[in-house]
Amino acid sequence: MYELEELLPHGAPMIVLSGVRSCDIENSKVETFFTVSSSDVFFDENSGGVPSCFALEYMAQSIACFVGILGKSKDASFKQEIGFVLGTRKMDLNIPVFENSKTYSVRAEKVFFDEEMASFECAIFDENNFECALATVNAFKPKNPLKFLNQNNE
1 MYELEELLPH GAPMIVLSGV RSCDIENSKV ETFFTVSSSD VFFDENSGGV
51 PSCFALEYMA QSIACFVGIL GKSKDASFKQ EIGFVLGTRK MDLNIPVFEN
101 SKTYSVRAEK VFFDEEMASF ECAIFDENNF ECALATVNAF KPKNPLKFLN
151 QNNE
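The UniProt record's numbering puts the first residue of the sequence shown at 1, with every later residue one more than the last.
Since the hints were made in silico from the structure, they are not lab data.
Check each hint, because a few of them may be wrong.
[To be verified] List time: in silico EDC-like cross-link candidates among lysine to aspartate or glutamate, alpha-carbon distance up to 16 angstroms:
hint: 1; residue 1: Lys79; residue 2: Glu115
hint: 2; residue 1: Lys72; residue 2: Glu131
hint: 3; residue 1: Lys72; residue 2: Glu26
hint: 4; residue 1: Lys29; residue 2: Asp92
hint: 5; residue 1: Lys72; residue 2: Glu121
hint: 6; residue 1: Lys102; residue 2: Glu121
hint: 7; residue 1: Lys110; residue 2: Asp126
[To be verified] Per label pair, the in silico range of CB-to-CB distance:
hint: 8; residue 1: Ala12; residue 2: Asp92; range: 35 to 41 angstroms
hint: 9; residue 1: Asn46; residue 2: Glu116; range: 16 to 22 angstroms
hint: 10; residue 1: Glu81; residue 2: Gly19; range: 31 to 37 angstroms
None of these values were measured; they are calculated from a predicted model.
Just so it is clear, CB atoms sit at the ideal spot from N, CA and C, and this is done for glycine as well.
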């Protein structure tokens, strides 16, 4: 399997996942995981973990891992570029915080995917397979992200 730095377009401390457990390109599914630590960029001392509102970031990075693995399966030199979360539908947060020292699984499965747009059903589970968060995440990855950003900042 690949290192997260090979799959994601950014580096530490913004890589919030701990690793990829599995990826099924044929069925467009990926499972990643993260272990909460007090050194996490989104860690909140008052709540003793990462607030569950950051579930969207874990889900988005899981989708990016799928795109990275898919790209590398076609071209070993594939380099991930930035994408944008457009939004989410039906997000359910069933816990207030991802607790310190606990490991969570993120599962993402394609609903729709083309060269620039994607929609994935995502869920985060705790160590007891309790569904902590659920959402449909919609994302946009322009063919030329830097040109897209520059066009929209003129």
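Going through the hints against the structure:
1. Lys79 - Glu115: holds (15 angstroms)
2. Lys72 - Glu131: violated (30 angstroms)
3. Lys72 - Glu26: holds (14 angstroms)
4. Lys29 - Asp92: Not OK: Lys29 and Asp92 at ~20 angstroms, beyond 16 angstroms, violated.
5. Lys72 - Glu121: Not OK: Lys72 and Glu121 at ~22 angstroms, beyond 16 angstroms, violated.
6. Lys102 - Glu121: violated (23 angstroms)
7. Lys110 - Asp126: Between Lys110 and Asp126 the Cα gap is close to 21 angstroms, so the pair fails against 16 angstroms, i.e. violated.
8. Ala12 - Asp92: 35 to 41 angstroms: Given range 35 to 41 angstroms: violated, Cβ gap about 30 angstroms.
9. Asn46 - Glu116: 16 to 22 angstroms: At 40 angstroms between Cβs, range violated.
10. Glu81 - Gly19: 31 to 37 angstroms: violated (22 angstroms)
Of the numbered hints given earlier, the model fails hints 2, 4, 5, 6, 7, 8, 9, 10; all others are met.
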